[in-house]
Every structure is written in structure tokens, then in C-alpha cells.
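Asker: Okay, here's what each chain looks like letter by letter:
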Amino acid sequence: MSNDVLVVAEHSDSTLTDGTFELIGAARGIADSWGGQVVVVLVGDAALASQVVGADLVVTADAAQLSDYTSEAYESVLAGQIRQREPGAVLISMSTKGLDLAAALSAACGCPLVSYVVGLEVDGETLVATAQIYGGKIMAEVAIESRPAICGVIAGSFPADAGSAAGAANVEAADPPDLATLRTTFVALRTPDAGDVDITAADLLVAVGRGIGSEDDIELVQELADALGAPVAASRPITDAGWLPKSRQVGKSGLKVKPRGYLMFGISGAPEHLEGMRDAELIIACNTDEQAPVFDVAHYGTTLDLFDLLPELTERASG
Amino acid sequence: MRVVVVLKQVPDLVEEFEIDSDGTDIDREYLTFLLNEFDNHALEEALLIKDATGAAVEVVALDDPDVDQALYTAIAKGADRAVKLVGASGEGWLDTHTRAAAFAAWLGGEGYDLVLTGVQAADDLDGQLAPMLGALLGVPHVSVVVGVEAADGAARVRQEFAGGAVSELDVPLPAVIGVQAARAEPRYAAITKIRQAQQEGGLEQIDIDRPATSSGLTVRRMYPPERSDRAEMLTGTEAEVADKIIALIRDRGLMQG
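These protein sequence lines are chains A and B, in that order.
Numbering of the first sequence is given in my numbering, commencing with residue 1 and proceeding in unit increments.
Numbering of the second sequence is given in my numbering, commencing with residue 1 and proceeding in unit increments.
None of these hints come from the bench; they were simulated from the model.
Possibly wrong hints are sitting among the right ones.
[Unchecked claim] Partial chain A-side listing against chain B, Cβ under 7 angstroms, derived: (1) TRP34; (2) LEU99; (3) SER146; (4) LEU179; (5) ALA180; (6) THR184; (7) VAL187; (8) THR302; (9) LEU313.
[To be verified] If you want the ones that stay clear, here's a sample from chain B, every Cβ over 12 angstroms from chain A, calculated: (10) ASP64; (11) LYS84; (12) GLU185; (13) ASP209.
Just so it is clear, CB atoms sit at the ideal spot from N, CA and C, and this is done for glycine as well.
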């Protein structure tokens, strides 16, 4: 058993994600407390090892079967690394890959897992994670007594610059995993059609969520948006229902936006949505639940009924 | 083809949450429990597969609060069999590791082609069920899925990534899928059909042993998030609040004209 902290690197378009550097920064804090090293495991594109800073070691795994993501192939590499290195902790982002891998690794390697982690500290020798559960309404402080402890970390929970400290890492290749028996086959990656309005380019967005209740009432939000000259954005339930196109979805599985103004109607503020818009400069939220997590990120809020407020706003914006 | 949908009840997130007297769990006494919304999508996806292929859809759950309602609703929507496994849950929160072990043990004795469940749940603090089940059963698993088409011992699965990119994967069956969203909005069941299912009582209850497993986690405390940066609440009538909001937008130069 070592005192090292393993970080699962993520990349897209040949670039390591911000989330990777957030994890490296968090890992550094833990590894320093334990007297261990920060080891980044980079699956799929060994050339990206040169982008890693702030770690002690980068372990690369590069093979034809790893060039496109499948849970099976990645798990094979990561489980191998966990068994071989016996780290104290493993940090992984709660992205699609994290949601796919973390719990499987926990079961396969027999190590504990905490999901939705937003804070990590070492108490004595014990890793203590703070997790955000019940849609962001409750925080849980969790001690992980046995090692290695896998932590699924919510993006944006740690500063990326802490993981971007100067200093290149040593690089070594992982022992080749057994990829001969993979059952899952990658077919194709499809990216969404461009052509709709680009909500990431707008100064002001009018966002609508589940509280609108019905497809017909989207019109009320559209009228305000038109009057303000702003595009309509949406939370996941609205695009899942097909009431607005996917290109309007803000959040973890949608787009990240940073407009100067973000008006929210009927959005409770699940962590997945907040992840996509919390950096907006002015956030005004309308939600009837006074306890809704959205009011933790909004600068201004109202608990008035959106059906009463929207027509008043539209009238003034049209004036 | 046998498609099994694993269901779970979770507290209604709209309600106000209180912490129990130990400070290490939520107080469940006055909470309403509903079907995990992602499990509802998993059920819908299974019913779409049934519509297309004639597959048998079975739903299974542990003895969660108000779970009968969810199981009968699934029957009313078109599930062919509903099973409640009794004996794994106690009072309070049940970790995903124990859930996964209980379902894996039952599924292992059943024979199945496809297992669908929600990608996550609001209380899966120790991890998500689908990947854990896949690992325990030793079959392929894919999560964050937005479409499954299954036929002839294989499934084509659409897995969603940030920004709406979708990866298409082929997996041989059996496999476990964590559903983010079904291809269509989950259907509704008529109240009369749910009542009819309840009256017919077609719910199979199976006693199981509580698996000898745990999450390995110790919850030291639970608490509501600190609210130091709460929004400044705008008060007044609709007209007054609208005036204030328009003024805020205008002050930032965000009003056209």
C-alpha cells in the first residue's frame, strides 16, 4: 500500500480538461499530507503527457483499443493500475466517464467510493470527503477508513490553477493491459448539429426549467426572451422532453455558458445545471421553492410564481 | 429477450430536508418518496424496446418506502412482471454497494438479456448502481445512455458526453445500461390502470438475505449547505419585482434599445 494519489486524466480534442488540473491540485494536497506522490494515469493518447504539470509521475496507456472511449477498455487499464500501485486514493471527475468508471472500479477492486465530492481533506491519516447529495440540498462529510479510496469529484470544486503549478512530471508507460477480450465496440462519435443559435456567445440568456410545466408555456419564456433580444436556454428536463433543442441545454451534459446576465425561471438548481452557468456575472432566479439550491448561486432571487412574473417582465421589456 | 429494469425510490427533492438527531442522515419520517426520475427513464426505454421487439419487461426493486406504488405503476405502463425483494433494506439509507449485491445475487439466478436502471440517484453517495452491477455480474456496462436498440443478442447504445456529443457503442448481451434519458418522455399510466394492477395484486414478493457487504464509508455528519452567499431576495408585488429585475438588467447594459 502506498501513500500516492492517482488522478484519472480526462481529455477531449487532444487537450487535457480543466477538471484534470482541478484533480491534480486536490491530489497534491492529499499526497503532501500523506508523504506520497501524485500519479496521473493518462489513457488513450500518450502524447498528451507533455501537457501534465503539477504531478510527479504520468503513467500512459496507449493502444488502438484505447483511442476511443469504452468503459471496458479504460477499466481494464485503471483497475490494473490500482492493483499494481495500491494508491491511498484515486480521484476521478464525475463526468460521463466518471459516472461510467468509478462505481465499476469500486466493485471490481473492492475499494470504497464517495460520489459527488466537492471537498477533500486529511484528518490524521484518514481521507475525509465532503459530498453534495439530494440534488445539492444536503452535504455529507464522509470518512473513508480503508484504502484505496475512490473519489468522484464534481467539476469546479477545486481551483484548476493549483494543479497547473510548474514542473514537468516523469512519464512512464503502463504495463500493457489485456485488451484482447473486450466485448464493447466503439462505432462512431456524433457531435450535435450546429446551425441553431449559439447560447455560449450570448450576453444575456433567459433560461427555463421544469417549473414551466408544459410545452405550451415555453411560449411565455420565449416572449420575454424576444423582447429582451436574448436566446432561450434550458435545463435538462426541458431538452429531454423535446420542448427545446439540445443546443439550448446548459449544464454538465449540455453547454457551459458565461453570459453577463442569466435569468432563470422554474429551475431549482441541481448541481448538474449549476455546473454550466455558475460563472455568469449576474444571475437572477425565479423559483417558488425558497430552499431551492438555485438561490445559492443566484445574485438576486424571487419566489413569485413565474406565470405571474413573466408577463410583467415581458411588458416592461417590450416597452 | 428479457429486459429487467431496476427501480429505486428516492425522497422528493422539492421537499424540505431535515437532519436526524444523530446528525448523520436525513430525517425520513415526513418525506415523500418517489421513483428515481432516471429509473423512470430506464423503464420507458425498456418499454420502447418492448414496443419494437416484443421483449418481456420485468421490474425489480428492494423494499423501499412506497415502492409498491412504483411497481404497480410499471405494470400499468406495460411491464410484464414486478418483483419486490424483501430483506436487504433496514431503516434509513441503504448504500449502493449493498443494493448492487442484492440485485446481482437475484439477477444471477434469473437469466436476463438486458438490465436497465437510472444513471444515478439523488442519494447514491457511495456510487452508481449500473456500473457496480455490471462489475459484479461480469458483463459489459454503459452509463449516461440516451438510447438503446436491442436485437439478436446485441445492443447499440448511445452514450452522451458533455456538450451533447454522443458515442455509439455496440455491446453484446447480457449487458447493464445506466439510462440518462429515454428516447421519449416517460409515458403516463392512467390511474384506473394503476388501481386495476393494485387490485389484481400481481406483485411478486421474494425474501432475500441482506448481503454481507457495506459501502466502507462512515458518514460523520450531514448538514444543509452553508448559505452565506444566498441570493438577495426581491420582494413586493409582481409589478414591483418586475421593475427591479428590469432595472438590474438595464443597469448592466443588457437591455436593447
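Asker: Hint by hint, say whether it matches the structure.
Answerer: Outcome of the hint check:
1. TRP34: 18 angstroms, violated
2. LEU99: Holds, because the Cβ-Cβ distance from LEU99(A) to chain B comes to roughly 5 angstroms (cut-off 7 angstroms).
3. SER146: 5 angstroms, holds
4. LEU179: Nearest chain B Cβ about 14 angstroms off; hint violated.
5. ALA180: The hint is violated - ALA180(A) has no Cβ within 7 angstroms of chain B, the shortest such distance being about 15 angstroms.
6. THR184: 5 angstroms, holds
7. VAL187: 4 angstroms, holds
8. THR302: At about 5 angstroms, which falls below the 7 angstroms cut-off, the nearest Cβ of chain B leaves the hint on THR302(A) intact, so it holds.
9. LEU313: 5 angstroms, holds
10. ASP64: 15 angstroms, holds
11. LYS84: 24 angstroms, holds
12. GLU185: 5 angstroms, violated
13. ASP209: 19 angstroms, holds
In the structure shown, a violation is registered for the earlier hints numbered 1, 4, 5, 12, in ascending order.
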